[in-house]
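Asks: As they're listed, the protein sequences go chains E and U.
Quick note on numbering: the first sequence equals residues 1 to 393 in my numbering.
Quick note on numbering: the second sequence equals residues 394 to 655 in my numbering.
Quick caveat, the hints were computed from the structure, so don't treat them as lab data.
This one's a predicted model, so the numbers in the text were calculated from it and none came from an experiment.
Note that the Cβ used here is the ideal one computed from N, Cα and C, for glycine as well.
It is possible that some hints are incorrect.
Derived pair list, reagent style DSSO-like, types lysine-lysine, alpha-carbon separation capped at 27 Å [claimed, not checked]:
#1 E:LYS7 to E:LYS32
#2 U:LYS533 to U:LYS455
#3 E:LYS32 to U:LYS445
#4 U:LYS581 to U:LYS484
#5 U:LYS523 to U:LYS445
#6 U:LYS605 to U:LYS510
#7 U:LYS510 to E:LYS32
#8 U:LYS484 to U:LYS471
#9 E:LYS32 to U:LYS588
With the C-beta cut set under 10 Å, the calculated list includes, among others, these residues of chain E facing chain U [claimed, not checked]:
#10 ASP9
#11 TYR12
#12 THR41
#13 VAL47
#14 MET111
#15 LEU118
#16 TRP192
#17 THR194
#18 ALA195
#19 LEU277
#20 HIS280
#21 PRO341
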Amino acid sequence: MLELALKGDKKYWGWIIALLAFIGVGFAVYLKQLDFGLGITGMSRDVSWGFYIAQFTFLVGVAAGGVMVVLPKYLHDYKAFGKITILGEFLAIAAVTMCLLFIIADLGQPMRAFNVILYPTPGSVLFWDMIVLNGYLFLNIVIGWNVLEAERNNIHYPKWVKPLIFTSIVWAPAIHTVTAFLYCGLPGRGFWLTAILAPRFLASAFAAGPALLILLCLIIRKVTKFDPGKEQIQSLAKIVTYAIILNMFFFLCEVFVVFYSRIPSHMSHLQYLFFGLHGHGALVPWMWTAMIFMGTSIVLLVIPATRKHEGVLAFSCVILFIGAWIDKGLGMISGGFVPNPLHHVTEYVPTIPEILITLGIYAIGLLVLTILFKVAVNVKEEVGGLKDSCESC
Amino acid sequence: MENSRRSFLKVAGITALGVGTKPVLNVFASSGGHVEEPKPEVSKNEKALTAKKWGMVIDTRKFHSAEDLEPIIDACHKIHNIPELPEPRHKIMWLWEDEYKHVFTHREHELVNDRIKHLPFLVLCNHCEKPACVRACPTKATFKRDDGIVLMDFHRCIGCRFCMAACPYGSRSFNFRDPRPFIKEENKEFPTRMKGVVEKCNFCAERLAVGKLPACVEASNGAITVGDLDDPESEVRELLRTNYTIRRKPDLGAGPSVYYIV
Numbered sequence: 001m002l003e004l005a006l007k008g009d010k011k012y013w014g015w016i017i018a019l020l021a022f023i024g025v026g027f028a029v030y031l032k033q034l035d036f037g038l039g040i041t042g043m044s045r046d047v048s049w050g051f052y053i054a055q056f057t058f059l060v061g062v063a064a065g066g067v068m069v070v071l072p073k074y075l076h077d078y079k080a081f082g083k084i085t086i087l088g089e090f091l092a093i094a095a096v097t098m099c100l101l102f103i104i105a106d107l108g109q110p111m112r113a114f115n116v117i118l119y120p121t122p123g124s125v126l127f128w129d130m131i132v133l134n135g136y137l138f139l140n141i142v143i144g145w146n147v148l149e150a151e152r153n154n155i156h157y158p159k160w161v162k163p164l165i166f167t168s169i170v171w172a173p174a175i176h177t178v179t180a181f182l183y184c185g186l187p188g189r190g191f192w193l194t195a196i197l198a199p200r201f202l203a204s205a206f207a208a209g210p211a212l213l214i215l216l217c218l219i220i221r222k223v224t225k226f227d228p229g230k231e232q233i234q235s236l237a238k239i240v241t242y243a244i245i246l247n248m249f250f251f252l253c254e255v256f257v258v259f260y261s262r263i264p265s266h267m268s269h270l271q272y273l274f275f276g277l278h279g280h281g282a283l284v285p286w287m288w289t290a291m292i293f294m295g296t297s298i299v300l301l302v303i304p305a306t307r308k309h310e311g312v313l314a315f316s317c318v319i320l321f322i323g324a325w326i327d328k329g330l331g332m333i334s335g336g337f338v339p340n341p342l343h344h345v346t347e348y349v350p351t352i353p354e355i356l357i358t359l360g361i362y363a364i365g366l367l368v369l370t371i372l373f374k375v376a377v378n379v380k381e382e383v384g385g386l387k388d389s390c391e392s393c
Numbered sequence: 394m395e396n397s398r399r400s401f402l403k404v405a406g407i408t409a410l411g412v413g414t415k416p417v418l419n420v421f422a423s424s425g426g427h428v429e430e431p432k433p434e435v436s437k438n439e440k441a442l443t444a445k446k447w448g449m450v451i452d453t454r455k456f457h458s459a460e461d462l463e464p465i466i467d468a469c470h471k472i473h474n475i476p477e478l479p480e481p482r483h484k485i486m487w488l489w490e491d492e493y494k495h496v497f498t499h500r501e502h503e504l505v506n507d508r509i510k511h512l513p514f515l516v517l518c519n520h521c522e523k524p525a526c527v528r529a530c531p532t533k534a535t536f537k538r539d540d541g542i543v544l545m546d547f548h549r550c551i552g553c554r555f556c557m558a559a560c561p562y563g564s565r566s567f568n569f570r571d572p573r574p575f576i577k578e579e580n581k582e583f584p585t586r587m588k589g590v591v592e593k594c595n596f597c598a599e600r601l602a603v604g605k606l607p608a609c610v611e612a613s614n615g616a617i618t619v620g621d622l623d624d625p626e627s628e629v630r631e632l633l634r635t636n637y638t639i640r641r642k643p644d645l646g647a648g649p650s651v652y653y654i655v
């Protein structure tokens, strides 16, 4: 089916070339990082994880979010989602690909990455994260490809795919839970040391992932002949609404516990993020923007009239996505390192090379997404007429 | 004809399999214990200093200012080829000094007496009983020895820095760039590191192995003592018995092996 991605109009190729340009720049800067070391980033002894790990964390959420179209289809037999499950699965593939690349980009000795397999250490959460991420990637490639190929040939997908689909439904929350466990099991980091971290991660994932999917559906409708469907988009919007409300609720639970208990080692991180600490407050405007964006999106999503208006819905999804990205991709990781275990404040700001490498990896993700979506949409266009009569698809 | 060819292939296949697995089987046979092969012997230096559980007591009463600590820190950093990097954020520290309120974050209070408030305290890896860094490491590049010393294998470390996030004492440093050009005087008896790996205090394991005390102990004029925490007769136990001592963040349960007399 991949050959479908080789045929496209000028706009399509223009987009691909633009992405390749970003990838090229990112790769060149990565070679520089490989040569010099991670010193070209803004990370420090005190803030030892930065932009890369934050993007990784956020994108694990986007990947897990894909399950929000798969689950209703296969567990609740919600047929309308049958039309777009493939988009959820392919989005997950692109997102996990980026996650793995961000981990590689963050390693000080990437050529030794296989030591994780050579010396397996089940006591380390990172070992499990490696397993769940690669497993999820594998599951989505196998499932997505087989289901789409069957759809193209107008037959039912092979029987052995079904157990894999159910596995992937359980697997999706697992990838983000394990990712949260990377942080929330560490004894000296009060910001992450909270049982609500994994639920919070999942809620924000199930909001940001499907919100992105809505936007992608709207784009697909605009640039191709395939219409993901009004009902589908509205159902996704309801999922996004509940998830973002839960995300906000979990966050406020955290805020209550931290500020009512007034335990400094837990409080100081939120203080740093939202009010600044000892004169340092680089993230303060960002964090408030995130809160305002997520809050506004809740209002616009809860009111039926604004949710049903696709223009407003698109706007809500954009600000929600940006809000969730700031929350997780900016505040969540460096927030945990500031102040450091000795209560010193060292701020972290990503450097230009770091941002270029990050953009390069995002471009790779978008390239994978473009190619996969191109294939999926072309198949949908091909079988267009047969669609409604095919129960299994 | 067809039949005989098939059986030939079968036999040939089995033979090939046999030939192919012979070396593998040999390995299994030798590891089975039937054949007595001389094992490579790791000889221990007779002078080596050993303990069941290494620990350290720092008598902070013997220090008065940062100048008292400088030679101790220098001794450690010189012996271990610690670079002096131009960027503060790339700093590598095995042993350093900080104020009471930063070192003992859980004990800090505004009205603490003047001596403690302004006294610099030595900070280093605590060689914890239950080290969070060892638990976090995905490759066992950092590990705890039977004698309690927490060590790093610089050649196995992949530089994921999970251990740095896990350590509640901020005791670990990462080589954000090649440290070698920034080592003032290289000590050929201790390895230098490459970029991209984590490092920290190793309790001078390389010195204990040849019967020497840790560099900081030697340079401290008796203010720092190391010994066996499991031996009631040891000097560290004597110090702990006769002085009030504190540890950093004991509430986390990591079990630091570095004690401070205040």
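Asks: Any hints this thing doesn't respect? Which numbers, in order?
Replies: 1, 2, 3, 6, 7, 10, 11, 17, 18, 19 and 20
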